[in-house]
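S.K.: Full structure from sequences and hints, please.
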Amino acid sequence: RHAVDEEHVAIMKQKRPHSTEPETDTSPVMIDEITEPAVKRIRPDDVEMASPVPFSGAISAQVVESEAMSLMNMTQLAHNELAAAWLARDGDAPPTRPDPPLFSPSPPKLGDPSGSDLVGNEIALMLNQSLLKSSDGDISGSIILDVCKGCWMMTALKEKEISMALSTLDAKLASDLEKLEANLSARLSVAEAAASAVEAINESERSQFLVTCSYQRQQLIDFISWEFRQLLGMQQQLLTAAGVPGFNGLSVDPNTLKLQARVCAFMHSAFYIRSRISEEPHLNMLKSQAERLKKKMSQTPIQQSSASYSTGPPTGMAFTPPPGPAPGGFQQPPSMHPSFQQQQQQQQQQQQQQQQQ
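Just so you know, we're using our numbering here: the sequence shown kicks off at 137 and counts up by one.
Quick caveat, the hints were computed from the structure, so don't treat them as lab data. Take the hints with a grain of salt, since some may be wrong.
To be verified - With a cut-off of at most 25 Å between alpha-carbon atoms, the simulated DSS-like pairs for lysine-lysine come out as follows:
hint	residue 1	residue 2
1	LYS294	LYS245
2	LYS296	LYS315
3	LYS432	LYS269
4	LYS423	LYS269
Claimed, not checked - Estimated spans, in silico, between C-beta atoms of each pair:
hint	residue 1	residue 2	range
5	SER434	SER350	25 to 33 Å
6	ILE357	ALA197	38 to 46 Å
7	MET433	MET300	44 to 52 Å
C-beta: ideal position from N, C-alpha, C; glycine also.
M.R.: Given below as structure tokens:
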């Protein structure tokens, strides 16, 4: 900091060599006297709506480290906002794990490989196109699949960690219960005349111990729920930064989570299929699926409905609306009723007869 200040003073002297102003104190400024400008903190809301910027240039260890640090800082800033959103959704209920999770342990079996039955034609087309190559050197699709596979592995590691924690707690509680039962039995064996009173005391201590065990296990389950919520938020930010369709920052909305779980089901199936059949055959399959989805989307509902209306009723069949209220609850005009038309014809005939007479 002192070196920067001295260099700044030297530059200022070079810019004003013939200044007639009185000389000022050019001694180095102490650290305590420096007032740094306020650093603008990144808000998660600003990051959520930002579209991913494609990286151009060589990938190095420094670039990867810089991107990782920025993503970690963004995750830490969004921690409080994510916790507030989940608390607002929980209300008075205890915390639960996000349902459904983004990734399942085994790859899903899709009815349609394009994913249109899961997310619809439009999003399915975006997913297939995001994995295709725009040029020979384009690796964005492979990077998206690698990020999705990493998120799936994060879920698997968290599941393993949580399973070990529950097993450890259950084993500890079972061991403590055995020790308690041994102590209670030893106490009851020497009670003799006060056996009934000792049994009541033993039963009270046993009940208190079971309540304590239940409380400890519930605390661990609540902690596990929050761990999976934090994992979900981290995965949402990773997939948003990777540019996966359907992800736009943090969200706890149930409908959004269902859509994102379906998107991740397609991605899970995609990186599993690519690992089985290699990259080129998988790219050809994605290309054919995208073409099929484009043709399907080109047939709009307006064209289909106009084609159905253009046929009209079959020849030889005349449509006469029945009397009474029309479909939809609207009253039919009186002039459409056959009885009203007959009355008008009779009146016209009477008028003609009177004129002839």
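S.K.: Lying within 25 to 33 Å: is that true of the beta-carbon distance SER434 to SER350?
M.R.: Given a distance of about 60 Å, which is not inside 25 to 33 Å, the answer is violated.
S.K.: Does LYS315 sit within 25 Å of LYS296, going by the straight-line distance between their CA atoms?
M.R.: violated, 29 Å
S.K.: Checking one constraint from the list: CA of LYS423 to CA of LYS269, max 25 Å. Satisfied?
M.R.: The given pair, whose Cα atoms are some 10 Å apart, holds under the 25 Å limit.
S.K.: With a cut-off of 25 Å on the C-alpha distance, tell me whether LYS294 and LYS245 pass.
M.R.: Since the Cα atoms of LYS294 and LYS245 sit roughly 23 Å apart, the hinted pair holds (cutoff 25 Å).
S.K.: May I ask you to test the hint 38 to 46 Å on the CB atoms belonging to ILE357 and ALA197?
M.R.: Since the Cβ atoms of ILE357 and ALA197 sit about 40 Å apart, the hinted range of 38 to 46 Å holds.
S.K.: Holds or violated: 44 to 52 Å for the Cβ distance of MET433 and MET300?
M.R.: The hinted range 44 to 52 Å holds for MET433 and MET300, with Cβ atoms some 48 Å apart.
S.K.: CA of LYS432 to CA of LYS269, is that 25 Å or under?
M.R.: Given pair LYS432, LYS269 holds - Cα atoms ~22 Å apart, limit 25 Å.
Taken one by one, the earlier hints fail for this structure at numbers 2 and 5, listed in ascending order.
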